[in-house]
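**Student:** Chain by chain, the residues:
Number of protein chains: 2
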Amino acid sequence: MTSTSNEPLYIKVNAEDNVAIIVNAGGLPAGTVFPCGLTLIEHVPQGHKVALKDLAQNEEIIRYGEVIGYAIQSIPKGSWIEESLVVMPTAPELDDLLLGNKVPPVLPPLEGYTFEGFRNENGTVATKNLLGISTSVQCVVGVLDYAVKKIKEELLPLYPNVDDVVALKHNYGCGVAINAPEAVVPIRTLRNLAIHPNFGGEVLIVGLGCEKLLPEQVIPVPDKANILSLQDHQGFINMVQAIVKMAGERLKRLNERKRVTCPVSDLVVGLQCGGSDAFSGVTANPAVGYAADLLVRAGATAMFSEVTEVRDAIHLLTPRVVNEEVGKALIREMKYYDRYLDLGKVDRSSNTAPGNKKGGLANIVEKALGSIAKSGSSPIAEVLSPGERPTEKGLIYAATPASDFICGTLQLASGIHVQVFTTGRGTPYGLAMAPVIKVSTRTALTEHWHDLIDVNAGTIATGEATIEEVGWEIFRLILDVASGRKKPWADQWGLHNDLCLFNPAPVT
Amino acid sequence: MTSTSNEPLYIKVNAEDNVAIIVNAGGLPAGTVFPCGLTLIEHVPQGHKVALKDLAQNEEIIRYGEVIGYAIQSIPKGSWIEESLVVMPTAPELDDLLLGNKVPPVLPPLEGYTFEGFRNENGTVATKNLLGISTSVQCVVGVLDYAVKKIKEELLPLYPNVDDVVALKHNYGCGVAINAPEAVVPIRTLRNLAIHPNFGGEVLIVGLGCEKLLPEQVIPVPDKANILSLQDHQGFINMVQAIVKMAGERLKRLNERKRVTCPVSDLVVGLQCGGSDAFSGVTANPAVGYAADLLVRAGATAMFSEVTEVRDAIHLLTPRVVNEEVGKALIREMKYYDRYLDLGKVDRSSNTAPGNKKGGLANIVEKALGSIAKSGSSPIAEVLSPGERPTEKGLIYAATPASDFICGTLQLASGIHVQVFTTGRGTPYGLAMAPVIKVSTRTALTEHWHDLIDVNAGTIATGEATIEEVGWEIFRLILDVASGRKKPWADQWGLHNDLCLFNPAPVT
Ligand SMILES: [Ca+2]
Ligand SMILES: [Ca+2]
Ligand SMILES: [Ca+2]
Ligand SMILES: [Ca+2]
Ligand SMILES: [Ca+2]
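Chains as they are written, first to last, in my numbering: chain A, 1476 to 1983; chain B, 1476 to 1983.
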């Protein structure tokens, strides 16, 4: 598939595929003849599928060696398989799946790689040295914003070893059904966010005083010394002074911290995709999957997520779980989300966005088959419910919605130090609590967004680089970013999206 | 009930009540003898209920002339009726209610009051002159924050007649089930927020380019000239420049606007309570209700909300609807929310927060009876589903969750120019799009939060002021604030809570 010229190029992923996607920017016109003899009978846009053979009505359409749909009508060889021609298959049945029947062999250990991190007292490490200020309720946000501005302007410059001050703002805490069975999810998330390793063991929580979610519920040890309730303070000026004072004490301690050499096995790396296209599954996601394998080989934790984007590929994941218990947990999370969507009268097909389709993805099945490439080829060592902390190392499936903000928030709660984010359409996404490395699926996007994309995986489509080469590039960049030696673009510009909790329970 | 000294004081709201609440700060000790002869047999905290007679087990506990619960055991006269002694009644049956059977007489018109507002081209008025920048998806927030900071620092000082730049940030737009039946609610809310009268008819929306919610769906006329999609721009610097340029054009036009004298009938005033206590229903809320009556008499619109806080008092509201259609709409909104909560395995009793209970409210029934006092005594002219715009003037019920942030966001979508917010426990709540006037239920809170509370209604409890007097004070302050003559504390400090959409549909 090597090509650096303008010759027509398609990518067929699997030998069994009867469709391929067009690589050339701008797509290719009718009449285009490929080296293999295939002739396009109509224009096919970039990333979109061409029929490699005549397809009969109802015939299986195969990509990644999997059925991504059925032909709604007969489709001649060389046609553009536009999404409306693809009838979506039903999702895999969850009760018949084999669990752990094809556990991949453990890959050889990878030694000799380290990074420079801040060692926390509890043994974890930090990739940034942040003052985190948690909140128990949105009511405090106006006061907190005022105080944080003051802290950043007046105090932060005095403590050069501290990278930033991060306020953990959210919509939970009051006006919510806190005793609903599902409330466990947002509460667990907030509790785990408050003790993120990048906060260096310092805890500070600002509450109101009458809210449903008690500040004590959001921190591991309910020590009053770490809690500030606005209702205890006489007026606004006093509240602000109190927050600034507590911040100052913590900044002083955080400023004493220095980076030390840490083994890669201390790292927890989150993997996500957003604004995906048809290249995601052949360029950026496989490269990230290769980097994930390198992380796992080096003893680290790699975490993939996004339930609606693994649901249709679940039969390819359940064979990879290390034991039946992990397999059952994986099925449990799929069933949970099936039911959650069903209550809202939708299904997993609600996932795909107009941009995904414009980028060549016919449906959620095709999207999911590309999405799971991020998981590489390691055994799946553990499955987490939304916002839980891992207890194992290796490849972890952390169940989250696919929403970039909710997935990001939940992966942070699960303790990620860095997130690797692949995008085909382009998003300026970033997180305040951990650096985000953005990997483009296409060279055109990398060029268009030269000051937002960190890694170009588009070179894989044109044959200029291999999956392995880009995978190594991502792996090395993870270590550089985790060490503070390099800043991804989102951090250079300070582009940080708001936290977004997953709250499946009602508001009141 | 007059008292300026330290003599013991309770408030009995209705002649039929068999309980009263203690007024004195700090509560009153056992042995306290009231002028009427009642003797406390134990300490009763401020705002908490004392039994005015011996109550038998299962006997009705009556406040506001309504049953707020049943005695779990026999309770001697002079006892503290702590919340655990009160068995909560079931909510009123919704199918048996009489609709519009006791429509209150229309109050005499109130003439001679005006305010100074900015007149919009479509006939509406603005109480602030704001540049609003809407968004179709959270992905753009990092870039938008960067651009807004630049606009505020570099452009806003050049346009002194413009009050502020407000970015409408939210968690909707992608990663959500946009075709779910319930998606109508957040989409309608965003569309109505984008055309809020305080934005002076200027529309500017920043989108990404691949999101599910199209920017065109969020604005009334899908004019490309008002839409900026980040994916159309070559890199971050260009995006920021493009946003700043579009903002500059609009700031220039907004700066031409001048305040003119407007009739009070142009005003839409939202009413809300948050952090309520047992005084809410006898001081701040009745005073707000009196102000609401004055607004309605002057031809304006007064809007009350918070479904879970009217649900248990619904039998007192359905008689007041102007016709059967409005009554049916009111029932429809109650049923909608009953079902919504039921799906989450909770009911309206999830509403009450620990602070409410500490403040003397035994349950949601007692809270609701106090909450509806904000509606005054006018006929109910219209009922809105969440985020809808009113088509009538007068007293309007806009169905919203009680959550301060969601209610605020939805009332803004419904077009409020000012919000009056009562609080017993205290919250620094504020909105960027419209001024919020905060009314305290207790003098102690007003003194404690001297630089956050705008109006003290606590004087009503001690007899230093009447409901009418404080009602007039609120009414006059609404006109001053709407005219820009006075700034409530939240605006003086710039305390603005984030928007929070009501999205009853799933995320994906
Ligand atoms: Ca994704
Ligand atoms: Ca996505
Ligand atoms: Ca995603
Ligand atoms: Ca309320
Ligand atoms: Ca409220």
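Among the hints, erroneous ones may be present.
It does not matter which identical chain is meant; a pair holds if it fits inside one copy or across any two.
EDC-like mimics (lysine to aspartate or glutamate), calculated; alpha carbons at most 20 Å apart, straight line [claimed, not checked]: (1) K1625 - D1926; (2) K1624 - D1639; (3) K1832 - D1707; (4) K1833 - E1586; (5) K1810 - E1596; (6) K1820 - E1628; (7) K1833 - D1707; (8) K1624 - E1863; (9) K1720 - D1817; (10) K1810 - E1863; (11) K1577 - D1813.
Hint data in this document are derived by calculation from the structure and do not stem from the laboratory.
**Student:** All the hints need checking, so say for each whether the structure fits it.
**Tutor:** Status of each hint after checking the structure:
Proximity of K1625 and D1926 under a CA criterion of 20 Å is satisfied inter-copy only: 18 Å between copies versus 30 Å inside one chain copy. Both within a single protomer and between protomers do K1624 and D1639 lie at most 20 Å apart by alpha-carbon distance, with minima of 11 Å and 18 Å respectively. Taking the shortest alpha-carbon separations for K1832 and D1707, only the inter-copy value of 17 Å comes in at or below 20 Å, while the best intra-copy value is 53 Å. For the identical chains of this complex, K1833 and E1586 are neighbours neither inside a copy (42 Å) nor across copies (59 Å), given an alpha-carbon limit of 20 Å.
Taking the closest pair of Cα atoms, K1810 and E1596 never come within 20 Å of each other, the shortest separation being 39 Å inside a single copy and 53 Å across copies. Taking the shortest alpha-carbon separations for K1820 and E1628, neither the intra-copy value of 48 Å nor the inter-copy value of 46 Å comes in at or below 20 Å. In the homo-oligomer, the alpha carbons of K1833 and D1707 lie at most 20 Å apart only across protomers (14 Å), although the nearest pairing inside one protomer, at 54 Å, exceeds that limit. In this homomeric assembly, K1624 and E1863 never come within 20 Å of each other (Cα to Cα): the closest approach is 31 Å inside a single copy and 35 Å across copies.
In this assembly of identical chains, the alpha carbons of K1720 and D1817 never lie at most 20 Å apart, being 49 Å within a copy and 44 Å across copies at closest. Proximity of K1810 to E1863 under the C-alpha cut-off of 20 Å is restricted to the intra-copy arrangement: shortest distance 18 Å within a copy versus 35 Å between copies. Taking the closest pair of Cα atoms, K1577 and D1813 never come within 20 Å of each other, the shortest separation being 25 Å inside a single copy and 48 Å across copies.
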